[in-house]
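S.K.: Residue numbers (the numbering used here), protein chains in the order written: chain A, 1 to 386; chain B, 1 to 138; chain C, 1 to 130.
Careful, some of the hints might be misleading.
[What the hints assert, rightly or not] Within a straight-line C-alpha distance of at most 30 Å, the following computed DSSO-like cross-link-like pairs (lysine-lysine) qualify:
no., chain 1, residue 1, chain 2, residue 2
1, C, Lys98, A, Lys283
2, A, Lys335, B, Lys65
3, B, Lys134, A, Lys204
4, B, Lys113, A, Lys22
5, A, Lys81, B, Lys113
6, A, Lys81, B, Lys73
7, A, Lys50, C, Lys84
8, B, Lys54, A, Lys81
9, A, Lys283, C, Lys44
10, C, Lys64, A, Lys50
11, C, Lys21, A, Lys173
Hints in this document: simulated from the structure, not taken from any laboratory.
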Amino acid sequence: MVIVEIPIGPQHPALHEPIMLKVRTEGEEVVEVSVNTGYNHRGIEKLLEKNSWVRGMYISGRVCGICNAVHMQTYVQGVEKLMGVEPPPRANYIRTLVMELERIHSHMLVAAVMAEIIGFDTLFMLLMRDRERVMYLKELVTGNRVHADIHMLGGVKRDLDEVRRDRILSELKIVEERIKYYMKVFEEDYTIMKRLSEVGVIRKSEALRLSIVGPTLRASGIKSDVRSDDPYAAYSEIPFNVVSRDEGDSWARMMVRFGEALESVSIARYTVEKLPQGPAIPKTIPRATKPGEVISRVEAPRGELLYHIVSVGGANPYRVKIRTPSFLNILNTEKVYIGHRLADVPVIFASYDPCISCTERVMVIDEKSGKKTYVSMRDLARVRVG
Amino acid sequence: MEINIGKFIFKEISPRRYVALVTPSELREAVEAVMMEESYFSSLTAIDFPKEGKIELNYIFWSVKHRAALILKVTVDRSNAVVPTIIDIVPGALGGELEAYDLMGVIFEGNNKLRRGFLASEDVVEKGIYPLRKDSGV
Amino acid sequence: MRLALLREILANLARKPATLKYPVAREVTVAPGFRGKHYADLVKCIGCSLCAVDCPANAITMEKLPQPLKQNQRGIFPVVDYGKCVFCYQCVFVCPVKAYIVTEVFEMADHVIGTSRDISLSTIKGGGSA
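With the hints as constraints, model all of the structure from the sequences given.
M.R.: Below, the structure written as structure tokens:
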């Protein structure tokens, strides 16, 4: 039979992200998929090298919209190690709360996107409606529904008061019920089971060699979670379970996310109830680092997020390497599509919870915008001198 | 604290971070040994040191068994940055190698998927510069 | 075959829409403490430029004061370009004299790029220029 090459993306109604999957099909069956990247580059690693440690905090937060607080956490905890600064326990709890709220809304989002891709628009609408409650909580704690920006070198920028604590607890109760309900829908609904189960299976034996991370790895039966293996922030003090499943298919990945979202609700509740007393906001901002390097790992909603920060002293980082979970999850799973139908490709792709803005943060400025950037860099230098 | 894997000794540099220095010719053997310890490839960081004329490659693996990051440090010459590929041992390292080649100009011998423009934009590729090198002018 | 969502769908028939008819009905509210439009109170500002140095978006420029103010020896004040600003509030946090006035105003889309110049200058008249 003739092999037909079908490009899906970079702009495509079935994909919500600017990436191109070149799918070669024989009839309906997929025989090869190659991932084409490079549509969303911003040069953030270079940008971080050219900005101060404090500015870098906000730049790292802008790598990704959905998981901005975890990006800031990874950067901040790495830089804090280089600076020899220890955040107070109360700040650690508030950071944990924000990151867990983020995980809840991220997992609800991917469930909604998945529902939409398989043509279940009602479920998409309902999930997005209830996700708004979590977004409101994030806005209540941090001051913005998307970009938290609550981290600060040596603490957090905003404390949590009694009124907010009560509101969080009452909203979390509703959110928990809704997540349980949607989990049941994903477990029982005929359409969802038909589209997701046995689709895009990654076996336990291949999972480590493929180097996938996060819920995708845990759905293949490997219990690896940075929060429990390599605790950061307040996770060493908070009891929680690492959710995993053995099926390894798209459905298992969704169920792991639902299970995790429920765990996140209980972690968030724990941080609010057991919030330690004491200061959370640093009085001064530390600005100088010792030379050295640090590998900072955080469990983002999509998996292990890693920053490798190198300092040679001075006002700017020497090198910041950002390795985001989607970078591994998207590129290393090209083979999983093979043998499935063409209509399954977006389903499998969405089940990795792909995030292109995370994958392609490294970019090179083109001539025109490059010039512009340099002008503003000089502006910056002038401001500093003046 | 040390972890011994095969003939390679990983020294602890901070909690749960272990480093071993290897030469480019030992790299594949070291990666094979690390992958036996239930590890997954986590990241490949290339760091440019123009003063010393070196590029330092950090292969970061996370070992589920040891609950530790195992880091292989390889130093290569800046003007002749060539190391053997590891994607046949760890397919997951493909992204890391493509990125290091595209942005730092490290050549991975035996990796036939290497291409410019994987992440970098077209005009940079045409100029033939590697943007993350300190003297690239980007 | 089960329709797991059937009850939810029936319940929604009697419910009001979850969406808001913005901007016809301006019932959009934000949480208390929302990071909205902010500007420098020139009665307090000492012109130290810390906010401009730390601004990750280069949205703050220091401009000359039209009249001398006692506490501001340098004679400059920060102007926030709301078109560039990312509302991270680093400037609010870093300010040594807590000179920034914060609001919950978020409707700033306009055909001209707004800055905080005029609103900042209007704070001088509030007294304290002596």
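S.K.: Could you run down the list of hints and mark each one as holding or not?
M.R.: So, going through the hints one by one against the coordinates:
This hinted pair checks out: Lys98 of chain C and Lys283 of chain A have alpha carbons roughly 13 Å apart, not beyond 30 Å. Restraint check for Lys335 of chain A and Lys65 of chain B: the C-alpha separation of about 26 Å stays at or below 30 Å, so the hint holds. Annotation: proposed proximity of Lys134 of chain B to Lys204 of chain A is violated, straight-line Cα distance about 41 Å (limit 30 Å). Annotation: proposed proximity of Lys113 of chain B to Lys22 of chain A holds, straight-line Cα distance about 15 Å (limit 30 Å).
At most 30 Å may separate the alpha-carbon atoms for a hinted pair to count; Lys81 of chain A and Lys113 of chain B exceed this at roughly 37 Å. For the given pair, Lys81 of chain A sits about 21 Å from Lys73 of chain B by alpha-carbon distance, which is consistent with the 30 Å threshold. Distance hint between Lys50 of chain A and Lys84 of chain C is fulfilled; the C-alpha atoms sit about 19 Å from each other, no more than 30 Å. The hinted pair formed by Lys54 of chain B and Lys81 of chain A meets the criterion: a straight-line CA distance of about 26 Å does not exceed 30 Å.
Of the supplied pair hints, the one linking Lys283 of chain A and Lys44 of chain C holds, its CA atoms being roughly 19 Å apart against a limit of 30 Å. Distance restraint check for Lys64 of chain C and Lys50 of chain A: the Cα-Cα separation of roughly 28 Å lies within the 30 Å cut-off, and the hinted pair is therefore satisfied. This hinted pair checks out: Lys21 of chain C and Lys173 of chain A have alpha carbons roughly 28 Å apart, not beyond 30 Å.
Hint compliance for this structure: hints 3, 5 are not met, and every other hint is.
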